[in-house]
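Participant: Take these sequences, add in the hints, and give me the full structure.
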Amino acid sequence: MAETKTHTFPTQQAMPRLQLASAWRVVVLNDPVNLMSYVVMIFKKVFGFDETTARRHMLEVHEQGRSVVWTGLREKAEAYTFTLQQWHLTAVLESDGAV
Amino acid sequence: MEPFEIALSLPVVAPLLDVVKELADGLKESLAAPPALPETDSVFRDLWTQELLAAQNEEVAALLALFNEEFFTEGVIALGPGNAEAIARACSAIRLRLRERYLRPLGDEALEIGEVELAQLDAPTRKAFMCYLFLATIQEYIIQRLDESIIGS
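Just so you know, the protein sequences line up as chains Z and H, in that order. Mapped onto numbering that gives the first Met the number 0, the consecutive letters of the first sequence carry residue numbers 0 to 98. Mapped onto numbering that gives the first Met the number 0, the consecutive letters of the second sequence carry residue numbers 0 to 152.
I should point out that these hints are in silico values taken from the structure, not numbers from a laboratory. Incorrect hints may have been included.
To be verified - Label-pair distances were calculated between CB atoms; the ranges are:
{"no.": "1", "chain 1": "H", "residue 1": "D45", "chain 2": "Z", "residue 2": "T70", "range": "24 to 30 Å"}
{"no.": "2", "chain 1": "H", "residue 1": "I5", "chain 2": "Z", "residue 2": "E50", "range": "42 to 48 Å"}
{"no.": "3", "chain 1": "Z", "residue 1": "F46", "chain 2": "H", "residue 2": "E147", "range": "15 to 21 Å"}
{"no.": "4", "chain 1": "H", "residue 1": "P10", "chain 2": "Z", "residue 2": "T70", "range": "20 to 26 Å"}
Positions of the beta carbon are idealized from the N, C-alpha and C atoms, including for glycine.
Facilitator: Now the structure itself:
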C-alpha cells in the first residue's frame with residue numbers, strides 16, 4: 000500500500016522563483032588568440048561535452064562571436080564562468096533579465 | 000596522461016624567452032584577459048579577480064620552470080600530469096598579452112589564421128610573433144595529450 004503523505008504544492012509565488020533561479024547562462028565570446036583545438040579541449044574537459052558538441056560550440060563562438068555553453072542555477076553558472084576564465088577564455092555570465 | 004618530453008631548438012627558442020619573461024613579469028599584477036564579472040558586491044569581485052590572478056601566477060611560474068638547466072644543456076622540456084594544464088593556460092595568458100602588447104597592429108584576422116609576412120615585420124614584432132607561434136606549438140602538444148586522457152577517462 001502506498002504511503003499517504005500530506006503534500007504541500009508549490010504556491011504561485013514559489014513557481015516563478017524557481018524559474019528565475021534557473022535563468023543564468025554561461026556565454027563564451029570569441030577571441031582571436033586562443034586556438035580552436037584549445038577551446039574544444041576546454042569544453043570537453045569542463046562540461047564533459049563529446050567531440051561533436053564541443054566543436055559545435057567552438058564553431059559557434061568562432062563564427063557568431065558567442066555561444067551559450069551552459070544554462071542553469073546562478074551558483075553553478077558562476078563556477079563554470081570562473082573555470083573558463085581560469086583557462087583564459089572570455090566567458091561571461093548572463094541572466095535572462097527577469098531577475 | 001603519461002609524462003612526455005619535447006625537444007626544442009635552443010638557438011631558435013632561447014632568444015624568445017626574453018619576451019616570455021618580460022610578459023610574465025607584467026602578468027604578476029594583472030590578468031591576461033580581464034573578466035567581465037557578474038553584478039555583485041565589490042568584495043566578491045575582488046576575491047574573484049584575486050583568485051584568478053593567483054592561479055595565473057602559478058601557471059606562469061610553471062611555464063618559466065620548464066626552461067631550466069636541462070633545457071639550456073639538452074634543449075628538452077618535460078611535461079606531464081603535474082604541469083601540463085598549467086602550462087597550456089600560461090601559454091594562453093602570454094599569447095593574449097603578446098597580442099595586446101605587440102601584435103594588435105597585425106589585425107585579428109591575420110592572428111587567427113596565423114598568416115603573417117615575417118619579412119615585413121620590424122624586429123621586436125617579428126620576435127613577438129615567433130614567440131606567439133612557439134607557445135601555440137607547445138599548447139598543441141599538450142592539447143593532443145590532454146585530449147587523449149579526456150577520451151581515456
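Participant: Are there hints from earlier that the structure breaks, and if so, what are their numbers?
Facilitator: 2, 4
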